[in-house]
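There are 2 protein chains.
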Amino acid sequence: MRVKKLRDLMEKEALDYVILSPGSNTFYLTGFFEEQMERPLFLIISKDDEFFLAPKLYEEQLEKTKIATISYEDGENPYSKLTLKTGSSIGVDDQLWSVFLIQIINNFKPSKIIEASKMLRKLRAIKDEQEISTMKEGIKIAEKSFLQFLDYVTEGIPECKLANILEEKFIENGADGYSFKTILTSGPNTSMPHLRCTDRKINRNEPIIVDFGVKYKNYSTDTTRVVSIGNVSEDVKKVYEIVKEAQISAENGEENMTAMKIDSLAREKITMAGYGKFFIHRTGHGIGIDVHEDPYISQDNLERVTNGMIFTVEPGIYVPGKFGIRIEDMVFMEKRGKPLNSLEKNIFIV
Amino acid sequence: MRVKKLRDLMEKEALDYVILSPGSNTFYLTGFFEEQMERPLFLIISKDDEFFLAPKLYEEQLEKTKIATISYEDGENPYSKLTLKTGSSIGVDDQLWSVFLIQIINNFKPSKIIEASKMLRKLRAIKDEQEISTMKEGIKIAEKSFLQFLDYVTEGIPECKLANILEEKFIENGADGYSFKTILTSGPNTSMPHLRCTDRKINRNEPIIVDFGVKYKNYSTDTTRVVSIGNVSEDVKKVYEIVKEAQISAENGEENMTAMKIDSLAREKITMAGYGKFFIHRTGHGIGIDVHEDPYISQDNLERVTNGMIFTVEPGIYVPGKFGIRIEDMVFMEKRGKPLNSLEKNIFIV
Chain A
1 MRVKKLRDLM EKEALDYVIL SPGSNTFYLT GFFEEQMERP LFLIISKDDE
51 FFLAPKLYEE QLEKTKIATI SYEDGENPYS KLTLKTGSSI GVDDQLWSVF
101 LIQIINNFKP SKIIEASKML RKLRAIKDEQ EISTMKEGIK IAEKSFLQFL
151 DYVTEGIPEC KLANILEEKF IENGADGYSF KTILTSGPNT SMPHLRCTDR
201 KINRNEPIIV DFGVKYKNYS TDTTRVVSIG NVSEDVKKVY EIVKEAQISA
251 ENGEENMTAM KIDSLAREKI TMAGYGKFFI HRTGHGIGID VHEDPYISQD
301 NLERVTNGMI FTVEPGIYVP GKFGIRIEDM VFMEKRGKPL NSLEKNIFIV
Chain B
1 MRVKKLRDLM EKEALDYVIL SPGSNTFYLT GFFEEQMERP LFLIISKDDE
51 FFLAPKLYEE QLEKTKIATI SYEDGENPYS KLTLKTGSSI GVDDQLWSVF
101 LIQIINNFKP SKIIEASKML RKLRAIKDEQ EISTMKEGIK IAEKSFLQFL
151 DYVTEGIPEC KLANILEEKF IENGADGYSF KTILTSGPNT SMPHLRCTDR
201 KINRNEPIIV DFGVKYKNYS TDTTRVVSIG NVSEDVKKVY EIVKEAQISA
251 ENGEENMTAM KIDSLAREKI TMAGYGKFFI HRTGHGIGID VHEDPYISQD
301 NLERVTNGMI FTVEPGIYVP GKFGIRIEDM VFMEKRGKPL NSLEKNIFIV
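Sequences listed follow chains A and B, in order. Once you know that position 257 of the first sequence is 257 in my numbering, the rest is easy, because the numbers rise by one and skip nothing. Once you know that position 166 of the second sequence is 166 in my numbering, the rest is easy, because the numbers rise by one and skip nothing.
Check before you lean on any hint, since a few could be wrong.
If several chains are the same, the list does not tell them apart, and a pair holds so long as it fits within one copy or across any two.
Heads up, simulated DSS-like pairs for lysine-lysine below, C-alpha to C-alpha not over 27 Å straight-line [what the hints assert, rightly or not]:
{"hint": "1", "residue 1": "Lys109", "residue 2": "Lys85"}
{"hint": "2", "residue 1": "Lys181", "residue 2": "Lys136"}
{"hint": "3", "residue 1": "Lys345", "residue 2": "Lys161"}
{"hint": "4", "residue 1": "Lys345", "residue 2": "Lys140"}
{"hint": "5", "residue 1": "Lys338", "residue 2": "Lys127"}
{"hint": "6", "residue 1": "Lys161", "residue 2": "Lys181"}
{"hint": "7", "residue 1": "Lys66", "residue 2": "Lys181"}
{"hint": "8", "residue 1": "Lys85", "residue 2": "Lys112"}
{"hint": "9", "residue 1": "Lys238", "residue 2": "Lys56"}
{"hint": "10", "residue 1": "Lys112", "residue 2": "Lys81"}
{"hint": "11", "residue 1": "Lys261", "residue 2": "Lys122"}
{"hint": "12", "residue 1": "Lys217", "residue 2": "Lys181"}
{"hint": "13", "residue 1": "Lys161", "residue 2": "Lys140"}
Simulated from the structure, these hints should not be mistaken for laboratory data. Quantities reported herein were computed from a predicted structural model and do not represent experimental measurements.
Construct the entire structure; sequences and hints are all you get.
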């Protein structure tokens, strides 16, 4: 049981409490999902107990988790209902808002504060059967949506409009929504890897980067493909082939390689082709409930990528002011990396 | 200029730095919007300077803000690039993730940490002309979508499916998306005010609560109406009328009343009708870039609601295991409360 495993790890860290916010960690441990909000809602795990502190309006909903709830009404001071040992050592959710941590510090004067992810990320990085099958279903929905969306890629349509069409397809095909606001950039905008979309109209013969993912049963997908109306220039083609080679190389990484090694499989290809300085981000990241989670496939990560992990491989080359290219698949580690995506890896010419 | 106003407030609090995460505060001050992520991206404001600390992949995008950026590459230690005075007094974004606050504490040993909202919420609570007009446009889109969505409310359709249809309408009508995952509950599920939706199928003659909002140009809307296929029971009707009376009463609150007073205008009506213990949340909340922001219309808030503020008025009655009713409009304070919504306040019988 997941809470029990966490408790074993808490013991090793000599922690008295782990305090989690609504979000992925709480969902992972209890099945209860909610966004973080301005009202404190914590899942608190101690050596021998676990309970929620929650606004009264969640009381009935939380009963389903079978975990005890200390509830407070709007207008009451939630912290006065909590009895935590003063001077204890605590692990807090990485994403817990600072407004709550400041209150916890002021009210309970912890002697030590660490990130709860130190323990939870180890558990969450290894996916179980059910998680894998949910994520595979999510990818199916995402890819089906992408293929349907290609029909709408036409000259003159604004980027954001196109992104919306793709997101509508997600829902039509049974997703709960997107896992992140779609990145859909065209022409020179493609050199900004994290720009979402603008009102720029799509032209013929230019790269369009589509970086998209669905949320399905609280799990995330993340995939990137390049689309173009008609052929792209020789320059773009050349860069595309380099990125593709890098992507495939890292995707074929093996069990127990360090994350850094897998990163280097992609980075070396790009560097050797002379584009090293234009590959301005890591090669990938773990994915599960959160879009970004452990293991991070980056140049400085010495952790080993082991069986059961799911992560993205998404090298890119970005020439400022000109264009960018990125290709991204989700990969499951099972002796060697196995892509979970089935979309072809070439440019989608429409 | 907004940054200048913030600096004046920082001086009063004797703060050396304000450190903001990506999100609503940063958008308010700079026009740059991004979700918070695992890579540190901070907007830092000192007495005489402002700058971003950001991953290199945001460099080109951030140039548009005209604010200097200290950038770092994946694999570099972002905190080593920052020179903040040790032992300084800082204000941090309420929503800054704890993982970053812990790093800031460890690296710069601040002598004092407060919530940046202490200053920013005062600025953000009063909307300017452009904000008001953007929010009005958002409401138009939300209401148009709701009215179109009514055609799909039919016997046997599952709650979540209906919620998705409404969210598709948002996008078709020009919204960027939803401002929060739609709450759409039916029958006994309506007694849980913050349950989102389930696969329960809609029946005739039962209340359906639809609590919905769009995101438009980074601003939020938030509205609740009750829908039913055919008539509802006398019990439900009776409770509905009480909630409606309470809603109208608080909506008519006047300039410079305390938030508590406005809350009580609704609460008294419900209490006098004998349902006080079933009104388990505050009467409303400010709204703007965030769905929930100052002023909170709650029993313990002594702040005054002044001209230029926009907030929701959304009393509710929730009878556990039976049903719940909530009615919510957005209200603009201009001498007295003026509803920004134009949907009628009765049950929508389809």
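Review point. Quick check: which numbered hints come out false for this structure?
Key: Per hint list: zero violations.
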